[in-house]
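Asks: As a plain string of letters, each chain reads:
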Amino acid sequence: MIPTAFEYERATSLDDAVAKLAAAGGAGKLIAGGHSLVPLMKLRLSEPTVLIDIAHIPDFAGIREVDRKIEIGAGTTHHDVATSPLLRERCPAVADAAAVIGDPQVRNRGTLGGSLAHADPAADYPAVMLAVDADLHIKGSKGWRVVAARDFVQGVFTVDLAPDEVLARVTFAPVRTAAYAKLHQQASRFAIVGVAAALEVRGGLIASARIGLTGAASSPVRLSNVEAALGGQPASSETAAAAARFGGAGIDDLNSDIHASAEYRRAMIPVFTRRALDGALARLAG
Amino acid sequence: MARVSITVNGRKRSAEVETRLLLVHFLREQLNLTGTHVGCDTSQCGACTVLVDGRSAKSCTVFAVQADGAEVTTIEGLADGDRLHPLQEGFWEEHGLQCGYCTPGMIMSAVTLLHDNPAPTEQQIRDGLDGNLCRCTGYQHIVNAIQHAAASGSGR
Amino acid sequence: MASPVLPKLVGQRVKRREDPRLIQGRGTYVDDVKITGMQHLAFKRSDIAHGRIRSIDTSAAEAVDGVEAVFTGAQIAEFLGPMPIGTPFPSPDHRAVASDVVRYVGEPVAVVVARDRYVARDAADAVTIEYDPLPVVVDPEQALTGQPAVLHADFPNNAAVGPLPSGTGASPKAVDDTAIDQAFAEADVVVSQRMVNHRLAPTSIEPRGVVAHYEPGKDAMTIWSSTQNPHILRTFIAALTGLGQDQVRAIAPEVGGGFGSKINIYGEEYVAAALSKRLGLPLKWVEDRSEAFLCTIHGRDILAYVDLAARRDGTVLGLKLRLVADIGAYNMLLTAAIPTLTMTMASNVYAIPAIRATLTEVFTNKTPTDAYRGAGRPEAIYFVERAMDMLARELGVDPAEVRRRNFIPSDRFPFKTQTGAVYDSGDYAKALDRALEKAGWEGLKAERDAARAEGRLVGLGLSMYVEVCGVGPSSGLPTGGWEHSQVTVERDGRVSATTGASPHGQGNETTFAQMLADQLGIPMEHVRIHHGDTGVVKQGIGTFGSRSQAVGGAALHLAGGKVKKKMAKFAAALLEAHEGDLVFENGTISVKGSPSSAKSFADVAGYAYRPVKLPEGLEPGLSEEAFFEPSNNTYPFGCHIAMLEVDRDTGEPRLLKMVAVDDAGHLINPLIVEGQIHGGLAQGIGQALIEEVAYSDDGQPLTGSFMDYAIPRASDFPRFELESTVTPTPVNPLGAKGVGEAGTIGSTPCIVSAAVDALSGFGVRHVDMMLRPERLWRVINGGQA
Ligand SMILES: Cc1cc2nc3c(=O)[nH]c(=O)nc-3n(C[C@H](O)[C@H](O)[C@H](O)COP(=O)(O)OP(=O)(O)OC[C@H]3O[C@@H](n4cnc5c(N)ncnc54)[C@H](O)[C@@H]3O)c2cc1C
Ligand code: FES
Ligand code: FES
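Chains as they are written, first to last, in numbering that gives the first Met the number 0: chain A, 0 to 285; chain B, 0 to 155; chain C, 0 to 784.
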């Protein structure tokens, strides 16, 4: 229940956050919503000595459309993503995923940037970020760089972020025909399996598909064999059913715990792939 | 140590605190606002729920220093003088509590729930309580209590 | 005298009087207690399941700024003896803080006293311990082989109790199996199944906590604890700290739920009291939730080999129940007694002519078990009801009908079962009929079949239960089985009453005030109920086994009757009337038939405290007490029906409908009773669907926080549909039976039976709890559950 001691600083701007991180050497840790970090600190599984609060940086939160791309500030809360009229209209799958994260209080404080940087293998956002092929915009001492969501996660709780870097925002081209389906772990509410599907449909045919998977394996992955099976096929429930079957194959680092064995997780991938695909196709009609 | 200044139930409170002090302990131990409870150490139970800048938050998962400059409302600040808040009325009328330990957090969550959705369906109420555990009531009377408050126009 | 006519309150849905403070955050729970100079305790706990302590280094902890003292188990053993138990069974040495061998993860090894809880935690983490690991055993059947570990040298093969026989032909001296063997020989069908009633964490939302304040100047101790029974706490604390009971005052402030787990007197309480006395400081300890999952008792964890013998027409001839209870590493207060209740209730609502139950209790490297809501009865009902369901399926008979054929008829009460329970009263067919009607049983069956025709996996489950509660005569409880109350009419006519039943959510301040208001003919607002403080409540036992109404309420009723009688004597003197002719009503005492001849209740009270002409043989004042000793336990019963759907793709169960008809005798406040049943249902359903304490093979807990141990949320349930039948008990003057545990006992088996019904197309006869989606998914996919 009780964290170890640390120094606390508030960053006033992105540059300030970067400068403070650099000054702290390896000892600094950003805190945004704190809803991954504080629980770990309370159990003393994380014992940072300097905390740099980025939650008060102006314009760090917000959702807008720029040049036909959606841009979400890293500091945007799950609640604001879940209830964003812009996302509901242009890319509802992202809002759907935010809406099933944890519980209302968690969604009121947890942020998109914090979730992605933390890279919990059972987190929800990573799957949707893969499906919408998001770009992550990162600021560090050496300036800006952009990393594709598919390259960002390197393993369990490890991402492509240097100790002096801040994830500033996420951008992606909106996809309306996309959906997220999740099997909840009963106790924690995290995903045992979560699948996000984004489809580009032209003339009744699936021109391209991106399927992101979370929860099942040590890090989020794209289901490329499902994507391949969908490409060029009619946008129908039959196609979805047939393609979803490829979902469980080829993933070799499945998680296994008391809540779900690797075998069960493997079996659930096609089930939730199918549900996500059906959800996406339902948006085609609507 | 750090100096924080937090407006709690409308009153500005300043104090010198350890940076690692959790908001819930700031409220309970420094301000003696013991209506906010602690039921877990992994941020699930919601017994510690307060409003931070108007929205429900688990005060066990926020450091007091993070709330510096914020407005916090606790269960003690909900009634309007002697007039109970409609949710408090609802919990009383509908027997929405037994041991009462989860109750302050439940009520504070319900404040945000009704703020966002003044006329929720039963399912929406149940889903809206995902961040609050009660071991006594089986929730049915809690749902009734929130419906009672909604009917009296609490969220509007 | 135009006072308003007061409504009768008993039987009404009266709003609770404890609520205004609780909904405003003004209740005082133990963690809200603050005393000047108070220091905080933190425990260093074992992180291995079995091992010998080789060395403990407390120097770093002592060096932490703000630390008052650090004690190892060996140091504490110098002034604190072994923890006592409350059952007559043999028990190994159990220390509040281990000094030699640790036997489960979470067992305390050292304790820190420090300025605040933050510093205390820092220092506890700074204690370093080296262990020589010992082999670990977590499976109870394996533990009975004595391999690979024996936990306590005096208990070969880890057998804590038994094998202990009970039932037909069993006496402490000999066992005669003739009747049970004959029952099985005559049977047309026998259903046999190994079933597990798994381990649970009670999980009151308020964790445990204690504040101990020994005042050297007074040579007296006040101890606040989140407990269900302050008087028992006082007895044990006094005994272990070397104080007299007169020197200890125990206070249960607002208690945030207990469900059995706060009956125990725990090591942390003893340590807080002993250290407070030794250091002369007020000390507080409050449990973290992750400590609670390790160190507060667990519940259930009994496995059974069940054999049920019957005729083809469904008549049950005999029942065999071989029970193995995994009680964890030590005996706690009631640990060893809980599984014996499973034997006691093995007959459920049925007139089973021959029963053989055998119980073995086993030590394993896990947290000790003890009473958890239902405590021994849910296990019995679960085993028997699952077997009855299997029998119905085997015979192709409606599950309701098989049960009906075997009910104890309503005209055979009191009824003595083969395992020795004497049921007070019952009308089981009535409860069944009401439940079938309320649920629309035939319609539900049609609905289920229609859903199945669409390929959905929908099932129905039904269970009957009877439970033993309102405990109980003093012969059955080492503490005594009575309850105490004192009712005082104050000088101004207001009433203060005390009860030894110490509530933690049951609403006694309301129900007991309702009763006294009716009994004395005064407004409920004029009655105040005091509880939970041995400094105010002279005597008491406490709240467990659904006893507060049936035993505590009865004591209150007796004390109220006594004070009323005395008051009538004063009124008779004032009104120059015969005391038998007086009517207590609407705040006045009047002479029957001549309402103008009356005195206000307050005037008579005032007179009693200044009786200018003291009636002969009377002492001044109006304060009377009563101990109520029930002649028997009470046996509430009921019928629960569930409809459940299993997701064909994922195996996720979803409860669609839950109907509960319960009979707890006379109800004082139906609103509060409903709340009790809802809460019980939630816990019973939780056991079946989402709750399970799990350990790895090396004794590491796998469900050590709410991240892995689920308790139900609001969104897990449909609206419960309740109804009650009323069969009063003759064993107390209220006719009330007790309702705290009923919901938990009846619901679990019917949920599992509904799931088995839903999956019956896959050839399954039984699925062990909890009904994890994966488990059901395996059934659907042809594997073993
Ligand atoms: C009870 C509970 C239930 C939950 N359930 C779910 C669930 O179902 N699904 C789910 O996906 N998540 C769940 N979460 C996690 C939640 O979504 C977290 O809020 C989120 O993962 C972290 O966001 P944050 O802003 O709170 O990050 P913080 O906790 O503040 O930070 C997390 C990590 O990210 C780093 N970080 C934060 N922001 C940045 C940034 N902009 N740039 C670089 N690094 C940064 C921090 O240094 C830290 O290491 C749950 C959490 C709780 C407490
Ligand atoms: S105390 Fe449990 S969520 Fe805060
Ligand atoms: S009323 Fe006791 S936990 Fe909710």
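Hints listed in this document are in silico derivations from the structure and should not be mistaken for laboratory results. Note that the structure is a prediction, hence the values are computed from the model and not measured. Backbone N, C-alpha and C fix where the C-beta goes; we use that ideal spot for every residue, glycine too. Incorrect hints may have been included.
[What the hints assert, rightly or not] Covered stretches of chain C, going by a simulated chain A footprint (3 or more residues, C-beta under 8 Å):
1) 397-410
2) 707-717
[Unchecked claim] Taking CB as the label site, the calculated pair distances span:
3) Ser714/C with Arg201/A: 36 to 44 Å
4) Glu28/B with Arg43/A: 17 to 25 Å
5) Asp245/C with Ser13/B: 22 to 30 Å
6) Arg43/A with Ala238/C: 49 to 57 Å
7) Phe156/A with Glu121/B: 36 to 44 Å
8) Ser12/A with Glu61/C: 44 to 52 Å
9) Arg63/A with Gly439/C: 22 to 30 Å
10) Ala206/A with Thr6/B: 49 to 57 Å
Asks: Which earlier hints can't be squared with this structure?
Replies: Per hint list: 1, 5, 6, 9 violated.
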